[in-house]
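Could you put the whole structure together from the sequences, leaning on the hints where they help?
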Amino acid sequence: MSKESKELAAQTWDAKRVLSLVINNALIIIMTIAAIVIAVVNNNFVSASSIVNIISQTAAYLPAALGIAGCIVLTGTDLSAGRAVGLTACISASLLQTVGASSKMWPNIGTLPIPVVILVAMGIGAVIGAFNGFFVGKFKLHPFIVTLGTQLILYTILLLYVNMGNNGGMAISNLDESYNSFVKGSILPKIGGQTIPNYVIFAILLTAIIWFIWNKTTFGKNMFALGSNEEAARVSGVNVLATTILVFSLAGAMYGFTGFIEGSRIGSNTANTGLNYELDAIAACVIGGVSFVGGIGKISGIIIGVLMLRLIFIGLTMAGINQNLQYLIKGGIILFACALDMRKYLVKK
Amino acid sequence: MEQPALLEMRHISKEFPGVKALDDVSLTVRPGTVHALMGENGAGKSTLMKCLFGIYHKDGGEIVLDGKTVDFRSSKEALENGVAMVHQELNQALTRSVQDNLWLGRYPTVGGLMVSEKIMSQRTKEVFRELEVTVDPKTIMSTMPVSQRQMVEIAKAVSYDSKIIVFDEPTSSLTETEVEHLFRIINMLRDRGCGIIYISHKMEEILRISDEVTIMRDGQWVATRPAAELTMDEIIRLMVGRELTSRFPPKSNQQGDVILEVQHMSGRYTRLKEASFQLRKGEILGIAGLDGSGRTEVLENLFGVMTREGGTIKLHGREIANRTPQEAIKNGFALLTEERRATGIFGIRNIRENTVIANLKNYLISMRVGGLKSFCLSDKKMKADTDWSIKAMHIKTPSQNTQIRSLSGGNQQKVIIGRWLLTKPEILLLDEPTRGIDVGAKYEIYQLIIDLANEGKGIIMVSSEMPELLGVCDRILVMSGGQLAGEVNAAETSQEEILTLAAKYV
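Residue numbers (our numbering), protein chains in the order written: chain A, 461 to 809; chain B, 364 to 869.
Derived by calculation from the structure, the hints in this document are not laboratory data. These numbers come from a predicted model, not from an experiment. No residue lacks a Cβ here, since even glycine has one placed at the ideal position from N, Cα and C. Wrong hints could be hidden among the right ones.
Pulled from the structure, derived: some chain B residues nowhere near chain A, Cβ distances all over 10 Å [claimed, not checked]:
id, residue
1, LYS439
2, GLY445
3, ALA456
4, GLY468
5, ARG469
6, GLU495
7, LEU552
8, ASP581
9, GLU592
10, ARG631
11, GLY674
12, ILE683
13, LEU723
14, GLY819
15, GLU850
Computed list of lysine-lysine pairs in DSBU-like fashion (alpha-carbon distance at most 30 Å, straight line) [claimed, not checked]:
id, chain 1, residue 1, chain 2, residue 2
16, A, LYS476, B, LYS636
17, B, LYS565, B, LYS526
18, B, LYS488, A, LYS758
19, A, LYS598, B, LYS383
20, B, LYS439, A, LYS598
21, A, LYS758, B, LYS431
22, B, LYS383, B, LYS431
23, B, LYS565, A, LYS676
24, B, LYS754, B, LYS743
Label-pair restraints from in silico Cβ distances [unchecked claim]:
id, chain 1, residue 1, chain 2, residue 2, range
25, A, ILE789, B, ARG768, 41 to 47 Å
26, A, PHE604, B, ARG634, 38 to 44 Å
27, B, ASN852, A, CYS798, 51 to 57 Å
28, B, MET477, A, LEU701, 42 to 48 Å
29, A, LEU701, B, GLN766, 25 to 31 Å
30, B, MET477, A, ASN640, 32 to 38 Å
31, A, ILE569, B, GLN766, 22 to 28 Å
32, B, ALA755, A, ASN736, 53 to 59 Å
33, B, THR502, A, ILE488, 23 to 29 Å
Set out below in structure tokens:
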């Protein structure tokens, strides 16, 4: 690294280099400019409440993106993420409704300990992921197809679930106080009069764990090698099937955790909870440089990707831009980010 | 003095649907020897090795390693039991670093879970020091030249401390100095008492490095002899199963006027710095040079695949641009690319589609609707032309509807040559026309090239096999470091002269 930077310093600042520097960081530059413009249009954008809002939303969407990123590193994807979040959100919420509430789905269950519910949610997510991973690894099906199937299956399970017990298809709400305070409460000091919810801390913890798994463990290195060249991994003695299942399973556990958080964050859970979460997560990964080419991706990139997407949504709303236009801008940014990303892999002839 | 065998493969057989890939093949490797395995493509060498390495499961026979009967179910098991392999195709995780690749599948860990980068980089350095490899362990694989990646692959196989190491065509992408380096490594392993299995098509190499040679043909064992008793002609005879009177057909082409004149051609993004030359009608012009000397770049810049920086191309005295392959084809050029599988064939499509693809507009039904040409293709014409190609090129195929990937390399190459001939080219650019092709089929390709020259086509042929250039070409251009280093007359020159020129600007 030091050798590299020395070489860089030795180069002169010519127009070509400035241009490539600008292009390679174009997304961040544009975001910064956009942020400044929005801040000028609406001063509230730089207020403590708005900043805390952006951070909280980023934290809410980050775990699912971290999970899906693993699937993308394997040159795959995961379309079942949203439904997995929905299912685990409904299950978490139904297990943690206020005792005595008239609409309680399972009146016979008392107040379950929070850690048990977290484990249940993550466990269900992991099983869904393992199911995906098994079909991908064993039958060599493309993850797009496997997870396209899985998300439909999950939707039926979800629809059946919300009709079980006393619920009868209603939104699952009236959540237990312990649940809400665990997720949305705060043990951190207030910043500018704004509370930072606990789920920000959880997101930071999960990010650290995933970073460790990706960069420091045999499993992480095997995952990148597998994404880079499956045959190379196989002839080097890597258990390809087990690694694939584990990657999808880990992603599933992340969706499960997201479901647990969303159950309380949204507060009123229906069969449509989690819908299209996978698309936001995939978009964030792509913006953050997790390449569909496989074997490439960084945790820092994913954080930036999720942050940028949230920044767009919140910023555009605050700038008073028509809601309908937001999808156009989001779509444009995804295409732009991918085109920039591909530049790195194109070899000019 | 007869030592007990280190590895014995007895009566191995393996069947794929419809093909008997291995039929009662035996191979014995003694410790401290290099055992060469030879045979034409499709003779079953790689299949035999894959059975040993656990990639394929043999149908019959027995493998005895160090006195114990073994039957590996996976590569992992083979590696753990002291059998390592340098694979023919570079199987590497290109987005990862050298050391990540070297220890893939057996990362040194702390507490069984956490990978220790420190131990990993330490061990990498030890391995590289011992093998005299000078590569930074932290380099990302994709940024290194192919030859260095090959050396990493070799270092990896050696680092397993195996008793048996299989080298499957290890020198195909190595330069001369690196081949010497590899031979030093192999000699070192031999002195250590390892058994080496060495697969190669390069006979000079085989005769130099190996102690024993086993020859296979059509999935069967043909002969095992001490290398000292074999000659090149003898090996060819055993491999082909018939006497090849000579490796090259007699030359009969006559040269006419200059048709192509290239001046100061250079590439914008590629390492071609300067090339100027002429080509005559009916002439076979060879281009020699080391890997990376700009041989392929001459052809690809000429054909418009690569972007030119400067220079002029004159066809019959008229300047042409050839900015894109479409333009080049219109101007009567044809390019047979270097990597047949990657850029030549459409593997899962059939022979007919592979034959007509460069020439589709000639098969449009000539029916005019409101002044526009129709956009329907004539199946009849396409079938007729494909039939012509199969006959004229002597392509061995069950039918036109056969997937091209199921043909042998030589037949695939003939399909592609047929494809280009249908565009009625004046100038044929052939990049490694016989790479990965059997000895017997090579002769047919040479004959085809000479016939084409006889018909008055101008041919430029790039090859890394010097005897081939000397045997087929009229003149040979020698590239070195991206520049034209010289031009020699094929009838009067020697390999030594060409090699000297090839090293001129290195």
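These are the hints, each one checked on the structure:
With a closest Cβ-Cβ approach of about 3 Å to chain A, LYS439(B) is found to fall inside the 10 Å limit, against its non-interface label. For GLY445(B), the non-interface assignment is confirmed: its Cβ lies about 13 Å from the closest Cβ of chain A, beyond the 10 Å cut-off. Chain A draws ALA456(B) into its interface by the beta-carbon criterion, the shortest separation being 4 Å against a cut-off of 10 Å. Separation of GLY468(B) from chain A is inadequate, the least Cβ-Cβ distance of about 4 Å not exceeding the 10 Å criterion.
With a closest Cβ-Cβ approach of about 7 Å to chain A, ARG469(B) is found to fall inside the 10 Å limit, against its non-interface label. For GLU495(B), the non-interface assignment is confirmed: its Cβ lies about 22 Å from the closest Cβ of chain A, beyond the 10 Å cut-off. For LEU552(B), the non-interface assignment is confirmed: its Cβ lies about 20 Å from the closest Cβ of chain A, beyond the 10 Å cut-off. Distance check for ASP581(B) against chain A: the nearest CB is about 26 Å away, which clears 10 Å, and the non-interface claim stands.
The Cβ of GLU592(B) lies farther than 10 Å from every Cβ of chain A, with a closest approach of about 35 Å, so its non-interface assignment holds. Against the 10 Å criterion, ARG631(B) falls within the reach of chain A, whose nearest CB is about 8 Å from its own CB. Residue-level check passed: GLY674(B) sits 16 Å from the nearest beta carbon of chain A, beyond 10 Å. Every beta carbon of chain A lies more than 10 Å from that of ILE683(B), the smallest distance being close to 19 Å; the non-interface claim holds.
A cut-off of 10 Å between C-beta atoms confirms that LEU723(B) is not in contact with chain A; the least separation is 24 Å. No Cβ of chain A comes within 10 Å of the Cβ of GLY819(B); the nearest lies about 31 Å off, and the non-interface call holds. With a least beta-carbon separation of about 26 Å from chain A, GLU850(B) lies farther than 10 Å from that chain, consistent with its non-interface assignment. Taking the CA atoms of LYS476(A) and LYS636(B), the gap is about 22 Å. The hint holds against a cut of 30 Å.
For the hint pairing LYS565(B) with LYS526(B), the CA-to-CA distance comes to about 25 Å; that is within 30 Å, so the pair holds. Among the hinted pairs, LYS488(B) with LYS758(A) is consistent with the structure: their alpha-carbon atoms are about 27 Å apart, no more than 30 Å. Proximity of LYS598(A) to LYS383(B) is assessed by CA-CA distance (about 27 Å); at most 30 Å being required, the pair is judged to hold. In summary, the hint linking LYS439(B) to LYS598(A) is supported, as the alpha carbons are separated by about 18 Å, within the 30 Å threshold.
Distance check on the hinted pair: LYS758(A) and LYS431(B) sit about 46 Å apart at the alpha-carbon level, beyond 30 Å; violated. Using a Cα cut-off of 30 Å, the hinted pair LYS383(B) and LYS431(B) holds, with the two alpha carbons roughly 27 Å apart. For the given pair, LYS565(B) sits about 43 Å from LYS676(A) by alpha-carbon distance, which is inconsistent with the 30 Å threshold. For a cut-off of 30 Å, the pair hint linking LYS754(B) to LYS743(B) stands: about 17 Å separates their Cα positions.
Between ILE789(A) and ARG768(B) the Cβ separation comes to about 45 Å, which falls inside the hinted range of 41 to 47 Å. Here the CB-CB span from PHE604(A) to ARG634(B) is close to 39 Å, well matched to the stated 38 to 44 Å. Taking the beta carbon of each, ASN852(B) and CYS798(A) are about 54 Å apart, inside 51 to 57 Å as hinted. The supplied range of 42 to 48 Å is broken by MET477(B) and LEU701(A), whose beta-carbon atoms lie about 23 Å from each other.
At about 28 Å, the beta-carbon gap between LEU701(A) and GLN766(B) stays in the expected band of 25 to 31 Å. The given range of 32 to 38 Å is respected by MET477(B) and ASN640(A), whose C-beta atoms sit roughly 37 Å from each other. Roughly 60 Å separates the CB atoms of ILE569(A) and GLN766(B), a value that falls outside the hinted 22 to 28 Å. Look at ALA755(B) against ASN736(A): about 58 Å separates their beta carbons, and that is inside 53 to 59 Å.
THR502(B) and ILE488(A) have their C-beta atoms about 27 Å apart, which keeps the hinted 23 to 29 Å range intact.
Checked against the numbered hints given earlier, the structure breaks hints 1, 3, 4, 5, 10, 21, 23, 28, 31 and satisfies all the rest.
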